[in-house]
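Going line by line, the protein sequences match chains A and B. For the first sequence, the tail end lands on 193 under my numbering, and the numbers increase by one without skipping. For the second sequence, the tail end lands on 193 under my numbering, and the numbers increase by one without skipping.
Just so you know, nobody snuck in bad clues.
Partial pick of chain B residues on the chain A-facing surface, computed with a CB cut under 7 Å:
id : residue
1  : Asp23
2  : Pro151
3  : Phe161
4  : Leu172
5  : Val177
To list a few chain B residues with every Cβ distance to chain A over 12 Å, as calculated:
id : residue
6  : Arg58
7  : Phe67
8  : Lys82
9  : Gly129
No lab work stands behind these hints, which were simulated from the structure alone. Predicted model, so just to flag it, every value in this text is computed and none were measured. Cβ atoms here follow ideal geometry from the backbone N, Cα and C, with glycine treated the same way.
One-letter residues, chain by chain:
Protein chains: 2
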Amino acid sequence: MYKHETLRKALKKVVLDLAVTLDGFIEGPNREIDWCIIDDDMDFDGFLASIDTIFYGRVSYDSWGNFQPEPDASPTEHLLWKGVHAKKKYVFSSQHRHDDQATFISSDLAHQVAEIKKQGGKDIWLYGGASLIKTFIQSGFIDRYRLSVHPTALGSGKPLFEDLKSRLELKLIKTNVFKSGVVQLIYEPEKYN
Amino acid sequence: MYKHETLRKALKKVVLDLAVTLDGFIEGPNREIDWCIIDDDMDFDGFLASIDTIFYGRVSYDSWGNFQPEPDASPTEHLLWKGVHAKKKYVFSSQHRHDDQATFISSDLAHQVAEIKKQGGKDIWLYGGASLIKTFIQSGFIDRYRLSVHPTALGSGKPLFEDLKSRLELKLIKTNVFKSGVVQLIYEPEKYN
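Using the sequences and the accompanying hints, generate a full structural model.
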């Protein structure tokens, strides 16, 4: 029992950190994310300090995996991207590719994710996009949900939770209320508690 | 300015108090509400004490408007229903009906709601059902949303916010975290703030 507990605690967690509307959408019907608030009390740096690994889908990786801010961007932005690029990166893709900055995974998802979790150390940020997030939710690979519920209802859009095979029961771990009216709800799946 | 402020404060508020899933549903695809948690720290009595009027749709009124608990139900349940039945009741219905316990409203909704709000006193509980709630949301008649976000994602069901004519921007007023993991988010529409 004790050994099992120790082992479990040493595993990296896969963390989904995402902005959602009050009605559960991650994008509007035309992919709008203009409802999304960046608030300086949200402590993204703290989150970044808690992870050492990032999981990307292929499209997200190509867009953001090696993104460099403009030379005249703020020092804060340069620092943020430097922090992101210092993480170990994995890209989930059906394409076989090689890249000095990332490890590509194209098969045997469950096994590969389990192996990476066993490396220990800090946690894993599941960056996205939407299709990778959907696969991870459906497969039960997410160990922690950090959902920033925004004070906006869109009425339609891309739902975070869609095509679930079964109801997802979560355990509330913590809530953070930001001055913008965003409420961050942090959950873990019931099976982990 | 001062007179206007005083007048506005004297108006009754229409309050929607509702349980929603983390993905924004008020019922599952087969009308399931078995995910709904009743927690004794939720202070429903306190809410009931803040209202003196209830708005029902016709179907909800016929089911619950004059409901009496079984004689062997708990004293708490008897007290709760006694509290509910002491409120002034309005029923929104296309049918013209008369009833000693309630006033029926079958036309001129916006005007009637405005007149009732002007009566002052305590607030109004928008009881439901779903179709009355939808009408009230779409018409902008709701002054306060009290949404109890449950730690469950269903993946599909009846959305609280559907067929919105436009995006609904809210202002967070308060959050209450219950020991069950339910998080109550209290909002008012932006226009009121």
